[in-house]
Amino acid sequence: MRRWRSFSLFSVLAFGYAFLYVPILSLIVYSFNESRLVTVWAGFSTKWYGELLQNDQILSAAWLSLKIAVLNASGSVVLGSLAGLVLARFGRFRGRTAFTTLITAPLVMPEVIIGLSLLLMFVTLQNFIGWPGERGMTTITIAHLTFSTAYVTVVIQSRLSQMDVSIEEAALDLGAKPAKVFFVITVPVIAPALVAGWLLAFTLSLDDLVIASFVSGPGASTLPMVVYSSVRLGVSPQINALATIIVCIVTVAILIAGFIMHRQEKQRRNA
Amino acid sequence: MMPPPVPPSAPANPASFTVIGMLWRWLLGFTFVARVRGLAMGTVSWGRALVTAVPFLWLILFFGLPFLVVLKISFSQAVIAQPPYTPLLTWAEDGIMVLRINFQNYLLLVQDSLYWMAYLNSVRIAAIATVACLLLGYPMAYAISKAKAELRVPLLMLIILPFWTSFLIRVYAWIGILKTNGLLNNVLIWLGLIDQPLPLLHTEFSVLVGIVYSYLPFMVLPLYATLSRMDESLLEAAADLGCRPGKAFLTITLPLSMPGVIAGSMLVFIPAVGEFVIPDLLGGPNTLMIGKVLWTEFFSNKDWPVASAVAVATLLLLVVPIVRFQKAQEESNKKAEELAR
Amino acid sequence: MPVAQGVRASQSLEAWQDPKARPIVQIENVTKAFGPHYAVDDVSLEVFQGEFFSLLGASGCGKTTLLRMLAGLETPDSGRIVIDGVDMTHVPPYRRPVNMMFQSYALFPHMTVEQNIAFGLRQEGATKPQIRERVAEMLRLVRLEPYAKRRPHQLSGGQRQRVALARSLAKHPRLLLLDEPLGALDKKLREHTQFELVNIQEQLGTTFIMVTHDQEEAMTMSTRIAVMDEGRILQIGSPSTIYEYPATRYVADFIGSVNLFDGRVTGEADGVLVIHCDEVGATMAIAHGEPLPAGAPVSVALRPEKMTVTDVKPESEFNVLRGVVSEIAYLGDVSIYHVALPNKTLVRVQLTNLARHTSSPLTWEQEVWLTWEPENGVVLQS
Numbered sequence: 001m002r003r004w005r006s007f008s009l010f011s012v013l014a015f016g017y018a019f020l021y022v023p024i025l026s027l028i029v030y031s032f033n034e035s036r037l038v039t040v041w042a043g044f045s046t047k048w049y050g051e052l053l054q055n056d057q058i059l060s061a062a063w064l065s066l067k068i069a070v071l072n073a074s075g076s077v078v079l080g081s082l083a084g085l086v087l088a089r090f091g092r093f094r095g096r097t098a099f100t101t102l103i104t105a106p107l108v109m110p111e112v113i114i115g116l117s118l119l120l121m122f123v124t125l126q127n128f129i130g131w132p133g134e135r136g137m138t139t140i141t142i143a144h145l146t147f148s149t150a151y152v153t154v155v156i157q158s159r160l161s162q163m164d165v166s167i168e169e170a171a172l173d174l175g176a177k178p179a180k181v182f183f184v185i186t187v188p189v190i191a192p193a194l195v196a197g198w199l200l201a202f203t204l205s206l207d208d209l210v211i212a213s214f215v216s217g218p219g220a221s222t223l224p225m226v227v228y229s230s231v232r233l234g235v236s237p238q239i240n241a242l243a244t245i246i247v248c249i250v251t252v253a254i255l256i257a258g259f260i261m262h263r264q265e266k267q268r269r270n271a
Numbered sequence: 272m273m274p275p276p277v278p279p280s281a282p283a284n285p286a287s288f289t290v291i292g293m294l295w296r297w298l299l300g301f302t303f304v305a306r307v308r309g310l311a312m313g314t315v316s317w318g319r320a321l322v323t324a325v326p327f328l329w330l331i332l333f334f335g336l337p338f339l340v341v342l343k344i345s346f347s348q349a350v351i352a353q354p355p356y357t358p359l360l361t362w363a364e365d366g367i368m369v370l371r372i373n374f375q376n377y378l379l380l381v382q383d384s385l386y387w388m389a390y391l392n393s394v395r396i397a398a399i400a401t402v403a404c405l406l407l408g409y410p411m412a413y414a415i416s417k418a419k420a421e422l423r424v425p426l427l428m429l430i431i432l433p434f435w436t437s438f439l440i441r442v443y444a445w446i447g448i449l450k451t452n453g454l455l456n457n458v459l460i461w462l463g464l465i466d467q468p469l470p471l472l473h474t475e476f477s478v479l480v481g482i483v484y485s486y487l488p489f490m491v492l493p494l495y496a497t498l499s500r501m502d503e504s505l506l507e508a509a510a511d512l513g514c515r516p517g518k519a520f521l522t523i524t525l526p527l528s529m530p531g532v533i534a535g536s537m538l539v540f541i542p543a544v545g546e547f548v549i550p551d552l553l554g555g556p557n558t559l560m561i562g563k564v565l566w567t568e569f570f571s572n573k574d575w576p577v578a579s580a581v582a583v584a585t586l587l588l589l590v591v592p593i594v595r596f597q598k599a600q601e602e603s604n605k606k607a608e609e610l611a612r
Numbered sequence: 613m614p615v616a617q618g619v620r621a622s623q624s625l626e627a628w629q630d631p632k633a634r635p636i637v638q639i640e641n642v643t644k645a646f647g648p649h650y651a652v653d654d655v656s657l658e659v660f661q662g663e664f665f666s667l668l669g670a671s672g673c674g675k676t677t678l679l680r681m682l683a684g685l686e687t688p689d690s691g692r693i694v695i696d697g698v699d700m701t702h703v704p705p706y707r708r709p710v711n712m713m714f715q716s717y718a719l720f721p722h723m724t725v726e727q728n729i730a731f732g733l734r735q736e737g738a739t740k741p742q743i744r745e746r747v748a749e750m751l752r753l754v755r756l757e758p759y760a761k762r763r764p765h766q767l768s769g770g771q772r773q774r775v776a777l778a779r780s781l782a783k784h785p786r787l788l789l790l791d792e793p794l795g796a797l798d799k800k801l802r803e804h805t806q807f808e809l810v811n812i813q814e815q816l817g818t819t820f821i822m823v824t825h826d827q828e829e830a831m832t833m834s835t836r837i838a839v840m841d842e843g844r845i846l847q848i849g850s851p852s853t854i855y856e857y858p859a860t861r862y863v864a865d866f867i868g869s870v871n872l873f874d875g876r877v878t879g880e881a882d883g884v885l886v887i888h889c890d891e892v893g894a895t896m897a898i899a900h901g902e903p904l905p906a907g908a909p910v911s912v913a914l915r916p917e918k919m920t921v922t923d924v925k926p927e928s929e930f931n932v933l934r935g936v937v938s939e940i941a942y943l944g945d946v947s948i949y950h951v952a953l954p955n956k957t958l959v960r961v962q963l964t965n966l967a968r969h970t971s972s973p974l975t976w977e978q979e980v981w982l983t984w985e986p987e988n989g990v991v992l993q994s
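Residue numbers (my numbering), protein chains in the order written: chain A, 1 to 271; chain B, 272 to 612; chain C, 613 to 994.
Isolated chain A (complex conformation) (with noise of 0.2 Å):
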């Protein structure tokens, strides 16, 4: 009765994992694929690494995505945080509901909607005001702090909430001014939190295909949008071999960070 549990639930686990990792599995076995018919096996080769080193296009693609998924981490986390601390220390206020709805509403917004409205507000206010002048690196980024901020502000937030308020009001009472004990004591406090949305908003970035679809312009195009006219011509062993470089870079940060914790856990047992 018990072994049978175990085991219907362990089966479910393997199928579930199994779903989840044999496609990026087969991604990174064909990467290594001679031929360039991704389906079928011609030998060992690594010469799709090579191509993809002089692909400039891509190169240049992945760097304008890599800038702009940083300038979008920092930013959102700024504005995540000033958002965080109103929902979770204002209180009360009369807006407080037009706030809310605004910080929540690009979390169940379309993609396809978020990047048509700012498209068109783009073009609107160029025709009033003349900027921006041309669309790109700046549209993006603007497009993607709109909407990865709400993402950090629920992560902010919810740290927030959880934190013990009464060492806010130690600073303060020991006569620290506010702004004072949000550097001094909040932040640290919630800097888990913070580096947590900072790499929220960095893949939620990185990974943006249709927002930055609408928003960019002829001559900047972002990795995925230069991915996904690849991709759509059909399969290539280029975007496989890119995808493994993605996969292994990701792998190691994981298992640097859950290095890191581990020690950190450690060290705080052996305290």
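The hints are simulated quantities; they were obtained by calculation from the structure and are not laboratory data. Please note: incorrect hints may appear among the correct ones.
As a list, the in silico DMTMM-like pairs of lysine to aspartate or glutamate whose alpha-carbon atoms are at most 20 Å apart [said to hold, decoys possible]: (1) B:417 with C:686; (2) C:632 with C:658; (3) B:419 with A:265.
If the Cβ cut is set under 7 Å, some of the chain C residues that face chain B in the computed set are [unchecked claim]: (4) 683; (5) 705; (6) 706; (7) 712; (8) 714; (9) 716; (10) 732; (11) 736.
Ideal Cβ positions, reconstructed from N, Cα and C, are used throughout, including at glycine.
With chain A's structure known, arrange chains B and C on it following the hints.
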């Protein structure tokens, strides 16, 4: 036909100025005025006002205002120009302002079955995918919550890990698997289950697989959260009162995990309805979804007003009801949380 | 410290002393380990019909594990558990004639009071009228009739506790297990509920086994107490036996407060041992049932209320300690004195405040003598 250049400060267009002013005030819900008054009277601190104003203004400018622009353009007509639509307000030659509102785009949405079929199809596919996610995700979340304590974090990490790799590339992986001469067909033929490759790609099935695959983590995580928070002693009490484990699952665990079921379903259903990448890469001509229709209208047909009308209709028909439902659910979840405590 | 005298009337029939009585619960050499740690270590125990039996000990002493093994929520590594003559060691909890009241109450949050109480009855397939009648009966027993339709979160702590009790009693269990039943209540309510629980137990005649870390609670409510430490049972006995004749230093110290003196036996006469305590430089004569060889290391336990304090030097050469009053605590009914012996050992003495307004006969830094009768001390073998 170029639109007349309108400098922002030109007194030539006072009407549009007041319209925007009204909309501006409506958007702010008069709160801005109240805040300024509060600041003047010293009842609101400047620091707080600034902290609130920065994200507030950003979102109004880049999230709220764009919707008004979409609304405006959805009432205009497509023309071959830069930008490719007619302005709502024009100046007739004798100095009279003309407001031209065009309902043609919305009429089209009702008349052309393509659009409402796409709406219905989006809802249907998203609903089926949500149920499939639930059927796979619930046992997984349950199994993780019952795993040994030291295994739970690594198992959860493995659920989240795919999320950090590129979404586009993960969807792309399924092309290689589901193609006519792809991995799955090859395996099935090798096993002798089929003689001819099955047409798997560019079907509704492949879209469903893609959605379930992409959104499974969003189902598992909230389910795990509610299941792991559940008080183990409730199940012990049920067993103590003569309830067998299977029945205890149905009478205790399942009802108490409903908040997680609903939260997870929302996290899958809402983005799946508006999904573009998955139906575009994995779907075929028969798997119309509203996100793809909007994209095509905008990029291929270059019909900005119709694309805007589709966006407005999607907002009113899909997003607003879903958000309403979710709000109601949140309220009852809050109650349920209190119950669980 | 005043020890509660016990709310139950002294019982004429004491099952554990009747050789013909058959125990309802037999725990035989039960051992349970979690990893390298023995939670329950070779415990044997018998509980009889109608008893209110308490497992008493500090947290982590294994008392809850033992209770959970009776409920079937844990399986012993070795040994046997027999309930009502049937070996229950490997029977799952849902097939045992035993119910448990959980420390957290474990009330089902999505069910009403009524549904919670009916839950067990529904599992055994009782008919609807039967369930309705029994639920009404239980609601009456715990005086919760007006709250039948409420959910657990709409009840106060005390009301929840009574729902948990009603739910666990609804199935007429042969044996009711209570895990810290009063632990979550505040002090005032706890005292009131102690009486109520005992009344219900006497009314129904059900055998209760209770786990508690509160010695006063165990003393007040139980017919017998088993004191546990580190997975073992140190002593089993009625509350008065455990208080008056503790078997070990741990029991003496855990129940009530006590002054302990280490010494060696130097002689014996008429069941009274003569013990010399080097540490405090005193010779004590203490009544003890069995003779011990000279030189045997023992401890003498003296309860604070069993000593008298005088400011005149007594003439006896036994059972006298000289010291200086270092602390006085006035508690209303009694006063507690800490007397410092010449070697700095503090002795706790309790005196009843008989007369009102008399200025205390003793004051700080005053030299005093402590004395006691041989019957008032207990000899503990180390």
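Inset, instruction - So, residue 714 (chain C) near chain B? Judge it on the closest CB pair being under 7 Å. - result: At about 5 Å, which falls below the 7 Å cut-off, the nearest Cβ of chain B leaves the hint on residue 714 (chain C) intact, so it holds.
Inset, instruction - Verify the proposed pairing of residue 417 (chain B) with residue 686 (chain C), using a straight-line Cα cut of 20 Å. - result: It holds: about 17 Å lies between the C-alpha atoms, which stays within 20 Å.
Legend entry - Restraint check, 7 Å cut-off on beta carbons, for residue 732 (chain C) near chain B: Nearest chain B Cβ about 3 Å off; hint holds.
Legend entry - Interface hint compliance - residue 716 (chain C) to chain B, C-beta minimum distance less than 7 Å: holds (5 Å)
Inset, instruction - With chain B as the partner, please determine if residue 705 (chain C) meets the hint condition of a C-beta pair closer than 7 Å. - result: With Cβ-Cβ at 4 Å, under 7 Å, it holds.
Inset, instruction - Could you grab the alpha-carbon distance between residue 632 (chain C) and residue 658 (chain C) and see if it respects the 20 Å cut-off? - result: holds (13 Å)
Legend entry - chain B contact restraint for residue 706 (chain C) - C-beta distance below 7 Å: holds (5 Å)
Legend entry - Hint consistency between residue 419 (chain B) and residue 265 (chain A) [alpha-carbon to alpha-carbon, up to 20 Å]: holds (18 Å)
Inset, instruction - Classify the hint on residue 683 (chain C) as holds or violated, based on whether any CB of chain B lies nearer than 7 Å to its CB. - result: holds (6 Å)
Inset, instruction - Identify whether the interface hint at residue 712 (chain C) stands, where standing means a beta carbon of chain B within less than 7 Å of its own. - result: holds (5 Å)
Legend entry - Given hint residue 736 (chain C) near chain B, where the shortest CB pair must fall under 7 Å: At about 6 Å, which falls below the 7 Å cut-off, the nearest Cβ of chain B leaves the hint on residue 736 (chain C) intact, so it holds.
Every hint, counting from the list given before, is met by this structure.
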